[in-house]
Amino acid sequence: MLSLREVEALYERLAELPVISGAELLRHAKQARIHLNVADHARLEKAKQVLQVPLSRDGDAEVPGPVAVDGGVKLDWAVLGNNKYRVTLKEASGEGAKGGKGQRFVEVWWGAQRIHYVDVGSAHGSFAADATFSTSSASLDPTTGRLSILYQAGAKHPRDEDSPSSSSSARSPLDRFRYQAPVGEKYARDFQPRLFLLRVGGSLPAHLQELRTTKPDRFLAQGVLTSDGKWVAATAYDAMADGRRLGQVYCTNRPSSIRAFPVPGDVKGNEKESQHLSARAKVTAATVVTMQESKMRQLSTPGRAARSPRAVPSSKRSQVIWLETPEGGPHNSSSAICTAMLADDSDGEVQEIIPLDYKDSHDADSGLWIDQLPREPFITSDKGEDEMLFGLTTISGSKRIVRTFSLDGKARCVYGLDGGQSGMHSWAFLAASEGGFLLLRSSLISLPEVLYIPAGSDEQPRPLWQVTLPPSSPDVEQLSQANLQILRIPGTEQALPSDGPIEAILLRPSGSTSSPSPCILLPHGGPHGTTTTDFAPGAAALCLAGYSILAPNYHGSLGRSPAFNSSLIGRAGTLDIEDCMATLEYAITKGYAAKDSIYLSGGSHGGFIAGHLAGREPASWKAVAMRNPVTHIGEQFVETDIKDWTLAETGHPFSFQSPPPYLTPDLYAALDSVSPLQYHGAITAPTLLLLGDSDQRVPPSQGLALYHAMKGKGKEVGLCWFEGADHALDTVEAAKGAWLGVWEWFEGARRGSKVD
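Under full-length UniProt numbering, the final residue of the sequence shown carries the number 756; numbering is consecutive throughout.
Treat the hints as calculated values from the structure; they're not laboratory data.
For clarity, every value in this text was computed on a predicted model and none was experimentally measured.
A portion of the hints provided could be inaccurate.
To be verified - DSSO-like cross-link-like pairs, simulated, lysine-lysine; straight-line CA separation at most 30 Å:
#1 268 - 295
#2 713 - 754
#3 90 - 316
#4 622 - 713
#5 268 - 230
#6 316 - 84
#7 736 - 595
#8 410 - 383
#9 90 - 282
#10 359 - 295
#11 711 - 622
#12 754 - 715
#13 268 - 359
#14 215 - 268
#15 295 - 215
#16 48 - 30
#17 383 - 316
#18 736 - 711
#19 215 - 316
#20 711 - 754
#21 754 - 643
#22 595 - 711
#23 754 - 595
#24 410 - 595
#25 84 - 48
#26 622 - 736
#27 359 - 383
#28 715 - 736
#29 46 - 736
#30 282 - 359
#31 90 - 48
#32 84 - 383
#33 90 - 268
#34 282 - 316
Claimed, not checked - The calculated label-pair distances, taken between Cβ atoms and stated as ranges, are:
#35 113 - 244: 42 to 50 Å
#36 716 - 669: 52 to 60 Å
#37 45 - 423: 45 to 53 Å
#38 64 - 639: 44 to 52 Å
Beta carbons are placed, not taken as given, at the ideal position from N, Cα and C, and that holds for glycine.
Build the full structure now, drawing on both the sequences and the hints.
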């Protein structure tokens, strides 16, 4: 059996494999630029790397190793239509999204030469680099050489002024203490996203504008400039009627809309005086531009939540596409895709090109399950703009797949539904470019790889580059021999006969087909998420350490149908529990798992399920681990950034326009009746809680309540507390600590003794 040090080394080897975070196709250089994130356990930080791979390389040719990226770089992207130009957002302070004072710069590069360097540290807070809010759009005026750059950053907080005495007479000394509703999980409580437009180059000085609306509880994000540089389209995020902001991360059903407005005017200047401007500039404050609501065009459908605007690269028209989902209800659901033409003399022609209940006529998949559109989803061909396609990543059952469509919504190609050797892979759309080229990522437990393929071609995808372990690594052969299956669980179709049974992913170590390995039942969180066949270092490491992983995609998961997705609403704590037990019983019946060697683990809603299962089926588990679990729904209502979850998932109405200020006694009692904390006295298996002290989604008080309740009953219970970690426990230190904590806890129960 492995020692603690041996398994620690095993985890680090797999967790330090590069993670492909994005890619670009640089057609002028005939290269793919692949962005990598790498966990560094020595420094307890995530490092960024970039790898450039020739598109024409032979599959066996050597590729130069990745180059480290300055840790201060938050975003780096090529200017669409002229990707010799690159824009870099850089922070010298390394503060992340804390909204505080620091050194911040916007750089423009032409090839290897930096041609603009603008200090914006005094103008706003930290840059936003996440997919939920961030903006990375730029447009070059070929006539004047003026470059317009849209980006997202935090508003400058009054307390970040150089000194209290520096406040102007118009600013109250109390401004630094005034409350602003936080934007929820993953963001510092004082981070307020703002949309900025910076102009540089040409014969005018650098000019920075902050783009606002007249509504104080609305902010703009995810902005894009149309290809002609005349329009901005952005996502407008609204607070609820009571001023609260619901957490946006992992949730696509929030009050939001797509708004379009003309690009504001540039700074005026004297061309003769400005023609010898320095490449270096400093902007101490942004000019606030407030767009009147009457001048902004709402493109998205009223009553739906909207996000992810993307500008169509066209020389003929100003066109955007975006995603829409139902407002309220499940936190994630099937998306519609809409488009609009923008013109000065009309409100814009809006079309829904793919409906919410999309059903593919060839493969019978139902719904499009999308978080965000790719930054560059458009695939142009030599046939011209009329043949333009766009691509996206969606979910089909328990796999991610890639679909491409024409701009009128007609389905074209699909990658990832084929059988054979690649039939179990999950696929993701990474990037596309003019000329019909696109980059896809294919991933399995046997490690992820990048594929390059001409759009619309019938030829098989050609490997371009692959993440690999050294040939001498002891993990290579074991990973290649791991057994991965997608199971269909009989009996579970009774809840929704039209959709058939639920699926579950089963990952087993090599050699476990003859005799079952210890098995971990691992329900996903959400609940509107999905466990897919993508490579996951934590699951792979547990597999190599001798454990099987059984992950049910219970009712409510993504990737099936809109009806399947919403079937859990009002049935949380019943239908999801039944599905998980049916999955376990099927695995035992088929000989995939042994009844006396079953472990239970889950986080968030998966922790909610684990709490129910641990107390309602106490004899089934050898040991239990819960990460940031929901234990009492009524108590969570007070603190969570997803108040709507507490009511919607349990079948009670919740209105964004009139949210309840408190829970009535009857409603509190109803939530109490479906909460797992009530079963704490029945739990018999050793139970470990893993909590992040910065969790705004499921506050650590939820896990603490279960810990102390079990402690008071004399139960065997442990607690790992991760400072600075949020809901996902995804800092390098917390991810490793949580994984090791679970392995040690389970291994101790497996051996019946302390693990050395």
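Hint numbers not upheld by this structure, sorted from lowest to highest: 3, 10, 13, 19, 21, 24, 30, 34, 36, 37
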